[in-house]
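Each chain, letter by letter, is given below.
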Amino acid sequence: NAGVTQTPKFRILKIGQSMTLQCAQDMNHNYMYWYRQDPGMGLKLIYYSVGAGITDKGEVPNGYNVSRSTTEDFPLRLELAAPSQTSVYFCASSYGTSGAYNEQFFGPGTRLTVL
Amino acid sequence: GQNIDQPTEMTATEGAIVQINCTYQTSGFNGLFWYQQHAGEAPTFLFYNVLDGLEEKGRFSSFLSRSKGYSYLLLKELQMKDSASYLCAVSASGGSYIPTFGRGTSLIVHP
Numbered sequence: 002n003a004g005v006t007q008t009p010k011f012r013i014l015k016i017g018q019s020m021t022l023q024c025a026q027d028m029n030h031n032y033m034y035w036y037r038q039d040p041g042m043g044l045k046l047i048y049y050s051v052g053a054g055i056t057d058k059g060e061v062p063n064g065y066n067v068s069r070s071t072t073e074d075f076p077l078r079l080e081l082a083a084p085s086q087t088s089v090y091f092c093a094s095s096y097g098t099s100g101a102y103n104e105q106f107f108g109p110g111t112r113l114t115v116l
Numbered sequence: 345g346q347n348i349d350q351p352t353e354m355t356a357t358e359g360a361i362v363q364i365n366c367t368y369q370t371s372g373f374n375g376l377f378w379y380q381q382h383a384g385e386a387p388t389f390l391f392y393n394v395l396d397g398l399e400e401k402g403r404f405s406s407f408l409s410r411s412k413g414y415s416y417l418l419l420k421e422l423q424m425k426d427s428a429s430y431l432c433a434v435s436a437s438g439g440s441y442i443p444t445f446g447r448g449t450s451l452i453v454h455p
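Quick mapping for you: the protein sequence lines, in order, are chains B and E. Here the first sequence stands for residues 2 to 116, numbered as in this note's numbering. Here the second sequence stands for residues 345 to 455, numbered as in this note's numbering.
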């Protein structure tokens, strides 16, 4: 099993450009998440999904969009990149949110810089 | 909402013991997680605690007191490779049970 995979690993964007961060998991997990991690700030939840076709906002959703057309894939879209979106983005998945099923498996991350 | 507090940084000597504390305030508590994150890498799962008491895995152990809203991660016989950030995360009904992460504790182990 590859676990959770993310592409690209690194990206530099200009202000106003758009891009999609890709995330896929092969563990048949129902739940998938997008986090951003800024230095000293921990992980902040951007969006999450409880299954194909169902998504919901997390703590910091502004400037981002997601979709979940399949169980495996959960892309994150940045429409108009801003310097405040410079961060490391982690995708994660879990089987559920009940008890130990809430253990999250993380992808390797995408380091994004907006200039 | 949830309030999770852990120290920003700790330093310790190789071979020593270190305790990383995490305090939280929440309603509808559904469990606490500890993750390890090496610099430039993804977080990886260490422990899940939902009942009071101690869980042990090798040199690492985690303790939970639900009544005090308190947990700690104990690392024994420290090794240089234990230098990492340690993230405390709390699951509660108020957040749809999705764990909320603290800011993490950066542990530096020196010779």
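If you're looking for bench data, these hints aren't it; they were derived computationally from the structure. Treat the hints with caution; some may be incorrect.
Heads up, simulated EDC-like pairs for lysine to aspartate or glutamate below, C-alpha to C-alpha not over 20 Å straight-line [claimed, not checked]:
no.: 1; chain 1: E; residue 1: Lys425; chain 2: E; residue 2: Asp349
no.: 2; chain 1: E; residue 1: Lys401; chain 2: B; residue 2: Asp39
no.: 3; chain 1: B; residue 1: Lys45; chain 2: E; residue 2: Asp349
no.: 4; chain 1: B; residue 1: Lys10; chain 2: E; residue 2: Glu385
Quick partial rundown of chain B residues pointing at chain E, CB under 10 Å, derived from the structure [unchecked claim]:
no.: 5; residue: Lys15
no.: 6; residue: Gln18
no.: 7; residue: Gln38
no.: 8; residue: Gly41
no.: 9; residue: Gly64
no.: 10; residue: Tyr65
no.: 11; residue: Phe91
no.: 12; residue: Ser95
no.: 13; residue: Tyr96
no.: 14; residue: Gly108
no.: 15; residue: Pro109
no.: 16; residue: Leu113
All C-beta atoms, glycine included, are put in the ideal place defined by N, C-alpha and C.
Hints versus structure:
Taken as a hint, the lysine 425 of chain E and aspartate 349 of chain E pair is broken in the structure, with Cα atoms around 24 Å apart against an allowance of 20 Å. About 30 Å separates the Cα atoms of lysine 401 of chain E and aspartate 39 of chain B, which puts this hinted pair outside 20 Å; it is violated. Distance restraint check for lysine 45 of chain B and aspartate 349 of chain E: the Cα-Cα separation of roughly 15 Å lies within the 20 Å cut-off, and the hinted pair is therefore satisfied. For the given pair, lysine 10 of chain B sits about 11 Å from glutamate 385 of chain E by alpha-carbon distance, which is consistent with the 20 Å threshold.
Checking lysine 15 of chain B against chain E by beta carbon gives a least distance of about 24 Å; that is not within 10 Å, so the hint is violated. The interface hint given for glutamine 18 of chain B is broken, as the beta carbon of that residue sits about 25 Å from the closest beta carbon of chain E, more than 10 Å. Using the Cβ-Cβ criterion of 10 Å, the hint placing glutamine 38 of chain B at the interface with chain E is satisfied: the shortest such distance is roughly 9 Å. A hinted interface residue such as glycine 41 of chain B counts as satisfied when its beta carbon comes closer than 10 Å to some beta carbon of chain E; here the least separation is about 6 Å, so the hint holds.
The beta carbon of glycine 64 of chain B comes no nearer than 20 Å to any beta carbon in chain E, farther than 10 Å, and the hint placing it at the interface is violated. The beta carbon of tyrosine 65 of chain B comes no nearer than 16 Å to any beta carbon in chain E, farther than 10 Å, and the hint placing it at the interface is violated. At its closest, the beta carbon of phenylalanine 91 of chain B sits 6 Å from a beta carbon of chain E; the interface hint therefore holds under the 10 Å criterion. For serine 95 of chain B, the interface hint holds, since its Cβ comes within 10 Å of a Cβ in chain E; the closest pair sits about 9 Å apart.
Checking tyrosine 96 of chain B against chain E: minimum C-beta separation of about 12 Å lies over 10 Å; hint violated. Because the beta carbon of glycine 108 of chain B sits about 6 Å from the nearest beta carbon in chain E, less than 10 Å, this interface hint is met. The beta carbon of proline 109 of chain B is positioned within 10 Å of a beta carbon in chain E (closest approach about 5 Å), and the interface hint is therefore held. A cut of 10 Å between beta carbons decides the hint on leucine 113 of chain B: the least distance to chain E is about 14 Å, and the hint is violated.
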